[in-house]
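*Asks:* If you read the sequences in order, they're chains L and B.
Sequential numbering of the first sequence, starting at 23, is according to our numbering.
Sequential numbering of the second sequence, starting at 292, is according to our numbering.
Please keep in mind that the hints were generated in silico from the structure rather than gathered at the bench.
Here a beta-carbon is modelled for each residue, glycine too, at the ideal position from N, C-alpha and C.
Careful: at least some of the hints might be erroneous.
[Unchecked claim] Here chain B is said to cover these stretches of chain L; the calculated rule only asks that three of the stretch's residues, wherever they fall, bring their Cβ under 8 Å from a Cβ of chain B:
#1 205-212
#2 257-269
[What the hints assert, rightly or not] Far from chain L, some chain B residues (derived; all Cβ distances over 12 Å):
#3 V359
#4 L416
#5 L445
#6 G452
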Amino acid sequence: MSNASLDAIAAKSDQPFPGAPNNWRRFFSFSTDHKVIGIQYMVTAFVFFLIGGLLAMVMRGELITPEADLVDRTVYNALFTMHGTIMLFMWTFPMLNGLSNYLVPLMIGARDMAFPRLNAAAFWLVPVFGTLLMVSFFVPGGPSQSGWWAYPPVSLQNPTGNLINGQVLWLLAVALSGVSSIMGAVNFVTTIFRMRAPGMGWFRMPAFCWTVLSAQMIQLFGLPSLTAGAVMLLLDLTAGTSFFDPAKGGDPVLYQHFFWFYSHPAVYVIILPIFGTFSEIFPVYARKPLFGYRFVVVSSVIITVLSAMVWVHHMFASGTPSWMRMLFMFSTMLISVPTGVKVFAWVATVWGGKLRLDTPMLFALGGLVCFLFAGITGVMLGAVPFDIHVNNTYFVVGHFHYVIYGATVMGIYAAIYHWFPKMTGHMYYEGLGKLHFALTFIGVNLNFFPMHPLGLMGMPRRVASYDPEFAYWNVIASLGGFLLGVSTLPFILNIVSSWVLGKRAPANPWNAIGLEWLISSPPPVENFEEIPIVVSGPYGYGSDESLVANNPAGELISEHS
Amino acid sequence: MSTANLDPTLNTHSAHAAEHEEEDHRMFGFIIFLLSESVIFLSFFVGYIVYKTNLTDWLPAGVEGLEVREPLINTIVLVSSSFVIYFAERFLRKENLWGFRAFWLLTIAMGSFFLYGQAVEWMGLPFGFTDGVFGGTFYLLTGFHGLHVMTGVLLQGIMLGRSFLPNNYAGGEFGVAATSLFWHFVDVIWIILFILIYVWQ
Numbered sequence: 023m024s025n026a027s028l029d030a031i032a033a034k035s036d037q038p039f040p041g042a043p044n045n046w047r048r049f050f051s052f053s054t055d056h057k058v059i060g061i062q063y064m065v066t067a068f069v070f071f072l073i074g075g076l077l078a079m080v081m082r083g084e085l086i087t088p089e090a091d092l093v094d095r096t097v098y099n100a101l102f103t104m105h106g107t108i109m110l111f112m113w114t115f116p117m118l119n120g121l122s123n124y125l126v127p128l129m130i131g132a133r134d135m136a137f138p139r140l141n142a143a144a145f146w147l148v149p150v151f152g153t154l155l156m157v158s159f160f161v162p163g164g165p166s167q168s169g170w171w172a173y174p175p176v177s178l179q180n181p182t183g184n185l186i187n188g189q190v191l192w193l194l195a196v197a198l199s200g201v202s203s204i205m206g207a208v209n210f211v212t213t214i215f216r217m218r219a220p221g222m223g224w225f226r227m228p229a230f231c232w233t234v235l236s237a238q239m240i241q242l243f244g245l246p247s248l249t250a251g252a253v254m255l256l257l258d259l260t261a262g263t264s265f266f267d268p269a270k271g272g273d274p275v276l277y278q279h280f281f282w283f284y285s286h287p288a289v290y291v292i293i294l295p296i297f298g299t300f301s302e303i304f305p306v307y308a309r310k311p312l313f314g315y316r317f318v319v320v321s322s323v324i325i326t327v328l329s330a331m332v333w334v335h336h337m338f339a340s341g342t343p344s345w346m347r348m349l350f351m352f353s354t355m356l357i358s359v360p361t362g363v364k365v366f367a368w369v370a371t372v373w374g375g376k377l378r379l380d381t382p383m384l385f386a387l388g389g390l391v392c393f394l395f396a397g398i399t400g401v402m403l404g405a406v407p408f409d410i411h412v413n414n415t416y417f418v419v420g421h422f423h424y425v426i427y428g429a430t431v432m433g434i435y436a437a438i439y440h441w442f443p444k445m446t447g448h449m450y451y452e453g454l455g456k457l458h459f460a461l462t463f464i465g466v467n468l469n470f471f472p473m474h475p476l477g478l479m480g481m482p483r484r485v486a487s488y489d490p491e492f493a494y495w496n497v498i499a500s501l502g503g504f505l506l507g508v509s510t511l512p513f514i515l516n517i518v519s520s521w522v523l524g525k526r527a528p529a530n531p532w533n534a535i536g537l538e539w540l541i542s543s544p545p546p547v548e549n550f551e552e553i554p555i556v557v558s559g560p561y562g563y564g565s566d567e568s569l570v571a572n573n574p575a576g577e578l579i580s581e582h583s
Numbered sequence: 292m293s294t295a296n297l298d299p300t301l302n303t304h305s306a307h308a309a310e311h312e313e314e315d316h317r318m319f320g321f322i323i324f325l326l327s328e329s330v331i332f333l334s335f336f337v338g339y340i341v342y343k344t345n346l347t348d349w350l351p352a353g354v355e356g357l358e359v360r361e362p363l364i365n366t367i368v369l370v371s372s373s374f375v376i377y378f379a380e381r382f383l384r385k386e387n388l389w390g391f392r393a394f395w396l397l398t399i400a401m402g403s404f405f406l407y408g409q410a411v412e413w414m415g416l417p418f419g420f421t422d423g424v425f426g427g428t429f430y431l432l433t434g435f436h437g438l439h440v441m442t443g444v445l446l447q448g449i450m451l452g453r454s455f456l457p458n459n460y461a462g463g464e465f466g467v468a469a470t471s472l473f474w475h476f477v478d479v480i481w482i483i484l485f486i487l488i489y490v491w492q
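This is chain L alone, in the form it adopts within the complex (with noise of 0.2 Å):
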């Protein structure tokens, strides 16, 4: 590594800087650079995921025996609710906006974001809601109980009485949540409108900018009906109205139309950044371009449309009309065309590849097997018959976890393994990493496969205690949530220890193509000494065309490479 040049900029200000020995700082101030800014996001968020994961270690304890026996039920009641708020609103959506903001502007040949305060200002609204979430612990009457749903009346129950509770708590965290997604998604949207580099047109985009557009979108047309839907529920619970108590005349389902309109295509939010990593990480490691590259990412787009027309599949079995349900089942299954697209294409770019088996791709790999077991049991799910008959039970719970944990997680370690080195200027330990691996996707396996013949055998989630007859499979599943809880051990110590003792890492170590990897790890704070003027496609493994004109990393690089 050449630092001549990076101490020249230092020399001009005394910020500190990559690889500076003040380093450390940047992370703890309001920095507005967007690559401090991601990895101020994944630390954040995977503080919280540990926090998430305790709690469901806790409930696999319960439900190792039958009885009741080792939480209170109200306790478990608040378990199943935290533990859902805080992995989707504390843990996937400020990872995956981390990974975004680290990665976006670096692929597409920016300096930064289009609107860096803005993109601080988001970042910091995490830490303030996830304290307000917490503080909900040590409040009277405990945290909200009533499911990451919060479906009144349910939620308008307020056993204490009092105006601040745990419910009212759970709804001013989701909503600052909400804000914090709101200035993220207009901030990324532009970004990737605005500001891409010269010759990078729209099929020159790599494919995760294209599934991070996609997922941003949605959040712009998706979370206003959930800020509407909250706002609505906050004035039931603290201001007297009556929008959907059905005791005063209100419409409890109307809640649940605002809340799926936003919280299913939320899933696609998670989901579509990891299928852009995937894109991103097959070829690297097969050593070929993607396949149908303008199919995949205009199925992102695809998909980001279909995402708005199906959200009553969570709602088949609150009084829809059979009308609604035909619809609804219709256009569930059509978003399996697009997605299988995906599916198809990266299949074919590991077909016949030379396949490098470092921890990122098998991570990618094991993600993959994974979302198609769950997007199997998905169909099953869109299917009206079947989902009445499993609505509600562990067979929806085993469905989402494949998702969220074995695809969204396990892509999520993917990407860490991959931008690592570009992140910190590190190698990993690629023997803890596969260890690593190892556990995650044997523990997936273990904790959630159970799940699915034991809600075909009837077992309702949602229960502190079960009927004998379901210890068998309850057994094996708590088994594995403990074993995932050891897997993050390994990742942690590898983390930590080659941040700072690991090997350090050549610019490009893995052979990639894209434009984050023609500067140097970590990048400099400027990213681009030269803007780069981009003269072919993303993927041109195999060939021997130049993915620029010109060299971005000016006299950074050029005389190392």
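For chain L, the structure is supplied; the task is to place chain B on it using the hints.
*Replies:* Just chain B now, kept in the frame of chain L:
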């Protein structure tokens, strides 16, 4: 793209190029934000329509319906203010600052009149926020819209104050354009709201 125009040698880190880029993209970002904001209103409107068409006892006991005359005057004032603010913007583009200020002030006055009329109407109504779903939706919709009008008037006040800073508005001003766009947005929302609540009874 605009990033290409920046001279890399001048570009050090810290706040660096971002400041300039932000100028160029703010209007784009603001339009995206407004599109997203309109979905909140859309959700409230859909909720209102669902309630109104499904509930059997829609109006609370003793309430006949809503008076249309004063709200209609209010509507006319608010809709006309959209034209007034357009002329204010045109004066600014022609660098006629006093013309801009006069018409801008007139917009503020009309917006304030609307808020005043709304307050008077609220105080004379025989039902409250908690009187059934009808009362709830009425105050929620008009209140949420009123909040936007108030925001618009505040923004206009800030922009008026900033027009007295020397050379502040030379070469066009994002703040004025955005405030004006926001005002048109608030106006369109009100027209839909007026039709839904007052005309369709």
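*Asks:* For every hint, state whether the structure bears it out.
*Replies:* Hints, verified against the model:
1. 205-212: Since 5 is at least three, the answer is holds.
2. 257-269: n = 6 at 8 Å, threshold three: holds.
3. V359: holds (24 Å)
4. L416: It holds; L416 (chain B) is separated from chain L by about 15 Å at its closest Cβ, greater than 12 Å.
5. L445: holds (19 Å)
6. G452: holds (22 Å)
Hint check: no violations occur; every hint is consistent with the structure.
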